[in-house]
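Peer 1: If you want the building blocks of each chain, they are given just below.
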Amino acid sequence: MSVMTIVQAINNALDIKLEEDKSVVVYGEDTGVEGGVFRVTEGLQKKYGVERVFDSPLAESAIVGAGLGMALSGLRPVVELQFDGFTYPAFNQIISNVSRMHNRSRGIYKIPMVIRFPYGGGINALEHHSESPEALYAHIPGLKVVIPSSPHDAKGLLIAAMESDDPVVFMEPKRIYRAIKQEVSDEKFSIPLGKAKVLAEGTDVTVVAFGAMIRECQKAMVMAKEAGISVELIDLRTIYPIDKETIAESIKKTGRIVIVAEAPESFSVGAELMAVANEEAFLHLEAPPKRVMGFDTIVPLAKGEPMYMISPDRIFYEIERTVKF
Amino acid sequence: MLNSIKTPKKYSNNQPTMIFDNFDPREDEILRIIDNDGEVLNKELMPDLTDETIIQAYKSMLYARVADNMAVSYQRQGRMYTYPPILGQEAIQIAAGVIIRNEDWLAPAFRELAIMMAKGVTLKEIFLYYMGNEQGSNFSKANHVLPICVPIGSQLLHATGIGYSIKYQKKDEVVFTYVGDGGTSEGDFSEALNFAGVWKVPVIFTIQNNQYAISVPVKRQTNSVNLAVKAIAFGVPGIKVDGNDFFAMYVAYKEAFNHARAGNGPTLIEALTYRKGAHTTSDDPSKYRTKDEELEWDKTDPLVRLKRYMDKAGIWKENEEQLIEEYKLEIDKQFTQAENFAAYKLEDIFQYMYVDMPDILKKQKADYELFQNWKENRK
Numbered sequence: 001m002s003v004m005t006i007v008q009a010i011n012n013a014l015d016i017k018l019e020e021d022k023s024v025v026v027y028g029e030d031t032g033v034e035g036g037v038f039r040v041t042e043g044l045q046k047k048y049g050v051e052r053v054f055d056s057p058l059a060e061s062a063i064v065g066a067g068l069g070m071a072l073s074g075l076r077p078v079v080e081l082q083f084d085g086f087t088y089p090a091f092n093q094i095i096s097n098v099s100r101m102h103n104r105s106r107g108i109y110k111i112p113m114v115i116r117f118p119y120g121g122g123i124n125a126l127e128h129h130s131e132s133p134e135a136l137y138a139h140i141p142g143l144k145v146v147i148p149s150s151p152h153d154a155k156g157l158l159i160a161a162m163e164s165d166d167p168v169v170f171m172e173p174k175r176i177y178r179a180i181k182q183e184v185s186d187e188k189f190s191i192p193l194g195k196a197k198v199l200a201e202g203t204d205v206t207v208v209a210f211g212a213m214i215r216e217c218q219k220a221m222v223m224a225k226e227a228g229i230s231v232e233l234i235d236l237r238t239i240y241p242i243d244k245e246t247i248a249e250s251i252k253k254t255g256r257i258v259i260v261a262e263a264p265e266s267f268s269v270g271a272e273l274m275a276v277a278n279e280e281a282f283l284h285l286e287a288p289p290k291r292v293m294g295f296d297t298i299v300p301l302a303k304g305e306p307m308y309m310i311s312p313d314r315i316f317y318e319i320e321r322t323v324k325f
Numbered sequence: 001m002l003n004s005i006k007t008p009k010k011y012s013n014n015q016p017t018m019i020f021d022n023f024d025p026r027e028d029e030i031l032r033i034i035d036n037d038g039e040v041l042n043k044e045l046m047p048d049l050t051d052e053t054i055i056q057a058y059k060s061m062l063y064a065r066v067a068d069n070m071a072v073s074y075q076r077q078g079r080m081y082t083y084p085p086i087l088g089q090e091a092i093q094i095a096a097g098v099i100i101r102n103e104d105w106l107a108p109a110f111r112e113l114a115i116m117m118a119k120g121v122t123l124k125e126i127f128l129y130y131m132g133n134e135q136g137s138n139f140s141k142a143n144h145v146l147p148i149c150v151p152i153g154s155q156l157l158h159a160t161g162i163g164y165s166i167k168y169q170k171k172d173e174v175v176f177t178y179v180g181d182g183g184t185s186e187g188d189f190s191e192a193l194n195f196a197g198v199w200k201v202p203v204i205f206t207i208q209n210n211q212y213a214i215s216v217p218v219k220r221q222t223n224s225v226n227l228a229v230k231a232i233a234f235g236v237p238g239i240k241v242d243g244n245d246f247f248a249m250y251v252a253y254k255e256a257f258n259h260a261r262a263g264n265g266p267t268l269i270e271a272l273t274y275r276k277g278a279h280t281t282s283d284d285p286s287k288y289r290t291k292d293e294e295l296e297w298d299k300t301d302p303l304v305r306l307k308r309y310m311d312k313a314g315i316w317k318e319n320e321e322q323l324i325e326e327y328k329l330e331i332d333k334q335f336t337q338a339e340n341f342a343a344y345k346l347e348d349i350f351q352y353m354y355v356d357m358p359d360i361l362k363k364q365k366a367d368y369e370l371f372q373n374w375k376e377n378r379k
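Read top to bottom, the protein sequences are chains A and B. For the first sequence, counting from 1, position 250 maps to 250 in this note's numbering; every step adds exactly one. For the second sequence, counting from 1, position 196 maps to 196 in this note's numbering; every step adds exactly one.
Hints are computed from structural coordinates only; laboratory data are not their basis.
To give an idea of the interface, some chain A residues facing chain B are shown, with a C-beta separation under 10 Å as derived from the structure:
hint: 1; residue: Glu29
hint: 2; residue: Phe54
hint: 3; residue: Asp55
hint: 4; residue: Ala62
hint: 5; residue: Phe86
hint: 6; residue: Tyr88
hint: 7; residue: Glu265
hint: 8; residue: Arg314
Some chain A residues well away from chain B (every beta-carbon gap over 10 Å; in silico):
hint: 9; residue: Ile95
hint: 10; residue: Ala135
hint: 11; residue: Pro192
hint: 12; residue: Glu249
hint: 13; residue: Gly255
hint: 14; residue: Glu279
hint: 15; residue: Phe325
Every value quoted in this text rests on a predicted model; they were computed, and no experiment measured them. Built from N, CA and C at the ideal position, the CB exists for glycine as well.
Next comes chain A alone, as it looks inside the complex:
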């Protein structure tokens, strides 16, 4: 066991897979010499050489499109896009080709490829550095979308993503890249994709979240506990394929659901979770399902960001209203 941050856990996962599988290559903008703008790939070029860990020219569409070519021909690329808001130039390759090639070729080609990028707000960043586009990717048939919330999960989920023969969009909550430290096994382990995790059992209300919002929910749970409310907290872990069963089972127990995410509320993962609640547990609901999510606005720059970001207060406020409904 070692104490790791999310950054270190991801680095460790990449290290383990680079070591054991020669077909793994890692690249993106500044990922080689510098080790990435968040230092996630630090030290890997030195250890595995410039043919396996390198800097690409600055072009997101090319990073992903060339990565697809590698995946089609025997490699297992892990590509880094520098920020959430810079993934959009690669959208065409992701949607038009990466997600479709297996289906298009009727199974001749598998696409064992991971597209990693940091996402989310709360770091006082410039425009395009604070976005949560998980719904955009989860909406695309053919992709898996994974978001860890802790160092342990980051390592286990990334190893699973790298071992998946389907393309995985792996979104990393940059706000908590270094904020959480945790004992993580030094050994190789993986966490199955497509399974949510019940982080805390409770009886009054189900709270579903993922990524950096888990920590905010845990703070809200302390407030809820003081108010005598028992919260069941679920970490989605994989956005798609979504684990309907775990969520439905929980709602059947609590009768209530509050969904927490930073992305704009309309047409979001939150909307999908509302559908799960209604389709899978409608007769068990004792209050309307509730979303605590970002406004349908651009994430504001630093001065406005505190109002946009979901605070523990706001989560507790909606938990209490839902329970008292």
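Since the structure of chain A is provided, determine the placement of chain B on it from the hints.
Peer 2: Positioned in the frame of chain A, the structure of chain B alone reads:
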């Protein structure tokens, strides 16, 4: 290499002979007029500028440098967020600043402090933006300046579209747009130049080749001999210019400007320079480049060179130390105004999303206000 005018080589049809034709990017020729000591290498090409214009240009470069240095310190003091310094790139932007008119357009990337100021953007606005307030892009005095554009290279297409409008509306306006060396790898760069060439629009594309895209040096960005050579494939005149030579940049811009106004279409200028500072205040260049390299480039510093020229020409009579002190006071005043700007309000997040705000947004705002009231009452 630089002292003789060569036989013109035309890169595309229907382009008149111009200075661009005399410096062939394929041969990696570079337009340079003064050397590092401020000595005139190429008298034939020396532009006919008044002493007053040269002195004023130097002062603008100096002002930009002092402002840029202070921006970095304000950030270090925790009074501003991430900021991208322009240190070392002043000559490029001020040479354009001398030429650009009120009616001309500027489509910047995010390292264009000096030309933004030359276009009338106030430092208060720049500071406000980097304090994390979108009101910093609500330029009160600057005409035809687009907001800072962070997605790399995407602004080049906007410049091209503006160029189309100008042509269609038969206006006498020119668009200045900027990209870095890294940005030339983006598809948008090639697409913008291609459209601009086909449409023959009045756009001046400047690549500020400051040698690094964050940590990646230009030699790992492209296999081309230089960046100006990319213009040839699009049938657009392209030239590599010493970007730390104010006079060379002025000459290139003047020619590109006249070319655009005469209806001859776009040009591409590669301005060879060096990012003396970090990519942004979040970056640490010591991770990827050597001190020796930095010292080597220090010899080409654009301010030092122009100052040496002015000293030799005997036209610089000012007390620079005193000027810097005056600038610092003025800049700090602008900073204070930005710091004292009205507090950020909830409606600032919503107000500009749509011209006609949808009810769903009004509801989200109202719901948040209910939460704020609850929070207030709970205290």
